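Visitor: Chains as they are written, first to last, in the numbering used here: chain A, 1 to 640; chain B, 1 to 121.
Rather than coming from a laboratory, the hints here were simulated on the basis of the structure. Worth double-checking, as some hints may not be accurate.
[What the hints assert, rightly or not] Computed cross-link-like contacts, PhoX-like style, restricted to lysine-lysine with a CA-CA straight-line distance of at most 20 Å:
1) K115(B) / K616(A)
2) K416(A) / K206(A)
3) K217(A) / K206(A)
4) K23(B) / K115(B)
5) K23(B) / K616(A)
[Said to hold, decoys possible] Example chain A residues on the side facing chain B (calculated, C-beta under 10 Å, incomplete):
6) N173
7) Y303
8) R334
Just so you know, these numbers come straight off a predicted model, no measurement behind them. Glycine residues also receive a C-beta, built at the ideal position from the N, C-alpha and C atoms.
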Amino acid sequence: MPHPDSGKTNRPESVAKRSKSSRTDRDLFFAEQIIDSSRSMITIINRDYVYEKVNRTFCLNHNREAESVVGRKLEEVWGRDNFNKNIKGNIDHCFTGRVVFYQAFFETPAWGRRYYEVVLRPVRNDREEVTHVLAETFDITEIKLKEQAASEIEWEFRNLESNLPIGFFRFDNDGVMLHVNKAFLRIIGVENENEVIGRSMREFYKDPELFDIHLSKLHSEGIASFGRLELKAYDGTMIICRINAFTVRDGSGNPIYIDGAMEDFTREADLEKRLLQAQKLDTIGMLAGGIAHDFNTILTTIYGYSELSLETLDKSSEAYNNIWRILQAAGRARSLTNQILAFSRHAGQERISVRVRDIISETTGSLKPVLPPGIDVIEVLVSPDLMVSADPTQLYRVFINLARNAIQAMEDKGGKLTITLDSRHCDKQGRLPEGEYALIRFADTGKGMDEKTAGRIFEPFFTAGKQGKGTGLGLSVVYGIISEIDGDINVSSKADEGTVIDILIPATGALAEAIPAKASRAEVMIIPGSDSESRLIAMALSASGYGVSSSDPSGDWISEAGRAEVIIVTDNSPSLPAADIIYSLAHHGVERPVLMISDFDVWLAAEKELTSGLIKSNLFKPASLKEIIYSIDGMINKTS
Amino acid sequence: MAGVMVVEDDPSLREMLREALEKRRYTVITACDGREALAKFRPSVIDLVITDLLMPEEDGLMVIMKIKEIKPSTKLIAISGGGKAGPGSYLLIAHKLGADHVFSKPFLPSELVQKVKEILG
């Protein structure tokens with residue numbers, strides 16, 4: 001800043017007059033032109049707070065003639081209050097010899113309210129005394145608006161950063177966390193970022209060595225993407241994430257830190273896995289169903305020639321016995337194909353309203369007498385009144401199957417099977433439709449399974465047990481039955497700790513009980529009637545509209561049987577062989593149609609050895625309610 | 001003696017059924033699919049048709065419908081390997097189309113012969 005030539009006058013009339021005497025008028029003219037054409041407002045103020053000079057921009061902006069301002073006090077021009085409050089202090093400060101900066105809003109008639117930056121510079125005379133203040137006022141409204149917009153954008157970005165489901169993070173070259181957003185904390189499962197900052201990202205990797213590989217890849221390649229990464233949440237649970245990250249470098253290309261984004265795919269990965277599993281099971285089911293169909297055709301030929309041969313042979317001959325064994329083996333094959341068909345068939349089950357706890361108590365009731373020592377079965381009925389729509393005979397089959405598996409898993413060391421009935425709400429995000437479900441949990445303390453085994457147990461022919469124990473079809477049938485009633489099964493297991501199997505079935509509530517019973521269809525008698533399976537069949541038939549009575553063959557059972565329209569004979573009781581019951585009925589001349597529900601061997605013996613034709617229909621265990629109803633109705637239509 | 005037609009695409013099963021029925025002195029005509037069955041069907045000779053349901057060419061359900069058209073008094077037994085009889089199954093449809101009895105494979109020849117005897121009276 002040039003010093004004004006104020007030695008003689010001490011009151012420069014214009015900035016231009018500060019020039020040395022050697023300057024020409026032309027120099028002064030140019031200086032005045034430059035000052036007047038500046039986009040800033042420039043004024044010179046003396047120690048009496050009087051304007052001594054103003055440039056043209058000032059006059060234009062304030063819509064005033066220079067004469068109306070020059071020679072007047074600032075407090076007259078801007079008002080006393082405003083002067084004392086906002087202006088005087090800054091000017092006084094400048095008179096102490098300092099350059100003063102400040103920003104303020106000014107109203108000008110030409111531009112309205114604008115934002116300005118004011119620079120006050122001390123003007124000195126030859127003796128270095130501050131005689132005047134040169135005030136230069138820049139319009140910074142545009143810059144201010146841009147700053148404001150930038151800060152709004154930043155605010156929006158911060159808002160987005162903390163609300164997006166994407167976790168952002170920054171860690172240093174060693175992996176130590178420097179910054180994370182809220183989503184990162186949510187994904188990892190902590191409340192406060194202090195629990196993450198300062199720790200290494202390596203700690204969140206399920207496989208920490210993989211982090212070292214990722215870090216060196218980021219350093220060498222600059223940017224990298226890691227999909228389906230297994231991370232550990234704060235509580236140790238596994239989460240599946242996708243990470244995209246890049247290395248930020250300084251001007252010389254040295255890495256400073258790594259920025260990245262992390263997305264949680266745990267739920268999607270889980271759903272995808274389960275969907276794939278379901279598709280796989282469907283495909284296996286279709287394949288197995290097709291094979292079972294052809295296999296049944298072949299079995300019919302085996303049955304046929306075996307039986308035709310038996311007719312020509314002496315019962316005491318070796319050939320007769322051998323062929324009888326072929327027939328029995330074919331019977332086992334038949335039961336296998338039936339199970340495969342049960343897994344693959346989607347013909348639908350006959351569904352009635354079932355109180356789940358009844359099925360649980362029939363299950364535990366039938367297991368308790370045959371429990372190996374050291375194994376306990378406990379019922380925990382948290383929601384004892386839950387109802388579901390299902391075939392009780394099928395549900396029983398599911399429960400028995402799961403319970404037997406659990407018991408088998410505890411055979412070596414003993415343990416406890418806890419069957420829990422509870423309610424569960426499923427939200428929209430799951431695989432099942434939103435709603436209330438009955439949760440039936442089979443938790444054992446047996447030997448458990450590894451993850452790989454647990455993922456395959458519903459596949460047909462897969463068996464986790466010892467070779468030769470069972471067909472490996474049990475759990476695939478369980479899966480088939482539960483999927484058909486819109487339910488789902490989850491397995492979680494840890495080797496040596498036990499297995500938990502959760503079944504979810506849509507709850508129908510107690511309302512279902514209010515549905516009026518269907519019109520009576522027929523009077524049915526079940527013999528014997530005291531075992532679990534018979535009781536379930538009786539319950540199911542009764543709920544389906546049949547008049548049901550059951551009896552063990554004692555007392556007046558023959559005349560009771562005579563009054564029934566259909567007699568169901570089962571081989572569930574070891575002390576009452578089905579063949580004996582059939583024999584008694586035939587012996588007493590009861591001509592009611594008999595539906596026999598039995599194992600193949602028992603039926604074969606009764607059919608071949610007793611009066612042929614007495615058994616009008618037969619089903620092999622386990623028979624579904626649908627099959628039973630179909631058989632009963634078929635027999636009644638025929639007899640009527 | 002009554003005439004029985006066996007419609008079955010599996011040759012060994014077809015032969016077995018023929019033997020079982022011929023043993024009981026039925027006149028047996030066999031066909032390997034629905035098309036052959038309809039070509040060989042003689043209303044004056046055949047009293048009962050035993051038909052498999054899932055076959056190449058014309059399937060068993062078509063056989064049941066066409067035979068019921070040609071000679072409504074023909075008795076019909078449907079056999080199938082696709083599971084036990086139950087609503088929604090082929091056997092139930094066969095039953096609804098007019099089959100007098102349905103058998104799910106595997107079954108014993110004595111069961112079948114007993115039923116044939118019953119149906120033909």
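Visitor: Indicate, hint by hint, whether the structure satisfies it.
Guide: Hint check results:
{"no.": "1", "hint": "K115(B) / K616(A)", "in the structure": "10 Å, holds"}
{"no.": "2", "hint": "K416(A) / K206(A)", "in the structure": "32 Å, violated"}
{"no.": "3", "hint": "K217(A) / K206(A)", "in the structure": "18 Å, holds"}
{"no.": "4", "hint": "K23(B) / K115(B)", "in the structure": "15 Å, holds"}
{"no.": "5", "hint": "K23(B) / K616(A)", "in the structure": "23 Å, violated"}
{"no.": "6", "hint": "N173", "in the structure": "65 Å, violated"}
{"no.": "7", "hint": "Y303", "in the structure": "5 Å, holds"}
{"no.": "8", "hint": "R334", "in the structure": "6 Å, holds"}
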